[in-house]
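> As a plain string of letters, each chain reads:
Protein chains: 2
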Amino acid sequence: MELKKTPPAPPAVLHQGEFWFTELHAPGTGITFRVKQVLYFARTPFQEIALVETSDMGRALFLDGTVQLTERDEFIYHEMMVHVPLCIHPRPRRVLIVGGGDGGCVREALRHPEVEEVTLVEIDGEVVDCCRKHLPLTASRLDDPRVRVLIEDGVKFMKRSRGAFDVIIVDSTDPVGMAGPLTREGFFRAARRALTPQGLYAAQSQGPIFDGKEIGRIARTARKAFRHVSHFLAPAPTYPGGLWSFILAARGARNPAALRPRPLPRGEKTRYYSAGVHRAAFVLPPFVRDFIQ
Amino acid sequence: MELKKTPPAPPAVLHQGEFWFTELHAPGTGITFRVKQVLYFARTPFQEIALVETSDMGRALFLDGTVQLTERDEFIYHEMMVHVPLCIHPRPRRVLIVGGGDGGCVREALRHPEVEEVTLVEIDGEVVDCCRKHLPLTASRLDDPRVRVLIEDGVKFMKRSRGAFDVIIVDSTDPVGMAGPLTREGFFRAARRALTPQGLYAAQSQGPIFDGKEIGRIARTARKAFRHVSHFLAPAPTYPGGLWSFILAARGARNPAALRPRPLPRGEKTRYYSAGVHRAAFVLPPFVRDFIQ
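Protein sequences appear in the order of chains A and B. Once you know that position 196 of the first sequence is 196 in this note's numbering, the rest is easy, because the numbers rise by one and skip nothing. Quick note, this note's numbering runs 293 ahead of the 1-based positions in the second sequence.
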């Protein structure tokens, strides 16, 4: 096999003076980035954090070797994760974000003038510190007076919260290891109790190309706690399979997927989200519907 | 930087007894596959063809080192490319496919009982031969009596066709080199002339994550030949950026994006396409709209 147009790209090794990092999405399939500079690297009690400057994607945050975001494409994930629930909640005053220490969800939530307080509960303080220092694109709004940053276990925080939040957003790592409890029935029940009566719950729920079964498991588990659990999709260029799913659930009796989104205030320009995109995102292709039945 | 969960993945080299192949989507960003077996490799007068068995994605066809399809995700691309135009054409009897030597578009077109003849015009006969032999998932319907396979230059074929096709689908490689002429004004004008009065034209038009400017160029060029040029999107897990765009144009005065899709016949199950997905695919996020203005 002749080799063309393909400079060397080994995973996290130096090759001909270049440093390439590969994340595997399946045993023999992955995404690879040339890293220009490692800005931060630490092993915390929770995970391994790496914040790097890539060749093409801007800065990128890896946790345990898994891409969490790149500056180039994070707008899609963060806009959808936040504006889908916030644009259909009648009055989203108090917002809780679990995980999301990079600040991307906080930044988007603050674009809604109805929001009076955003509580960020991140288990690993070093993620927040590192992003404040090296990822201003997402973290710059963490110092807004409306934001409260708590470094603690989101599961414990949720269990002691009652009727406190209009919108809860769970922006977690993959549901294995530390983040495993965030997709268990007990957590969903605690989240439901932590919502106000009209409250909405949104969370990332993995991608259908490589993790369809996991989407199904999360859906079935969430349905044990919430009356209505809907699913929406968005592209995720640097996540496995390039397509990502999210769940949207309501404490109350109304199906949140049927609610009409309110427009964002004038002047708040989004790059991926729009009212039309909101509605289209809930149209699931048959192969995704099959997973969640 | 400590290395975890990341076995070696150099591009098209043997490493610890494993053969990995990387396609770069930008100078320092790419997708990497472990190749279990090279089933076919040839350098033809037109390109380098490699058909390989991958670790996770089934068989994969590479042309000049660029992924054309994998068995695992080709259903999305082929269903959208074909069913979007065919489900809105009132009576798609004669279908022309330019490129697409793997047979995936032919397979989908034959699922429409209205289709009487599918003409496949592929410039490189070795692609067709190799896919007939090694890619039955897409190529198995090339021997259907309704199919006519012509090995010739699609540009020349188009220039001598007049009012002959109800639907034209251009399933080409990236618009550089050999495929460059397929996105030039002269080709679009020839395609318009090759359509019947109610005829529709669909073509892949690159991805907005890495090639937004190219989407814009293709859109502006197509609008010189067609009155209505619409755009739709679909996930493309193994294409650059994981999100792909397509153009849909009409010879006539009606805007094809506004037409209601007809359902596929009962029993014809699709995995990605549905009438709802069809409509949702035309909702473009603001950052894509910006490219095509």
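Heads up, a few of these hints could be off.
Stated by the list, open to error - DSS-like mimics (lysine-lysine), calculated; alpha carbons at most 25 Å apart, straight line:
| hint | chain 1 | residue 1 | chain 2 | residue 2 |
| --- | --- | --- | --- | --- |
| 1 | A | Lys269 | B | Lys449 |
| 2 | A | Lys156 | A | Lys224 |
| 3 | B | Lys426 | B | Lys506 |
| 4 | A | Lys213 | B | Lys452 |
Claimed, not checked - Okay, the calculated bits of chain B under chain A, using three or more residues with CB under 8 Å as the criterion:
| hint | segment |
| --- | --- |
| 5 | 387–394 |
| 6 | 451–459 |
| 7 | 510–523 |
| 8 | 556–564 |
Hints were generated in silico from the structure; no laboratory data involved. Heads up, the beta-carbon is just placed ideally off N, CA and C, and yes, glycines get one too.
> Please go over all the hints and tell whether each is borne out by the structure.
Okay, the hints, checked on the actual structure:
{"no.": "1", "hint": "A:Lys269 x B:Lys449", "result": "violated, 45 Å"}
{"no.": "2", "hint": "A:Lys156 x A:Lys224", "result": "holds, 20 Å"}
{"no.": "3", "hint": "B:Lys426 x B:Lys506", "result": "violated, 37 Å"}
{"no.": "4", "hint": "A:Lys213 x B:Lys452", "result": "violated, 49 Å"}
{"no.": "5", "hint": "387–394", "result": "violated (count 0)"}
{"no.": "6", "hint": "451–459", "result": "violated (count 0)"}
{"no.": "7", "hint": "510–523", "result": "violated (count 0)"}
{"no.": "8", "hint": "556–564", "result": "holds (count 3)"}
When held up to the earlier numbered hints, the structure conflicts with 1, 3, 4, 5, 6, 7 and fits the remainder.
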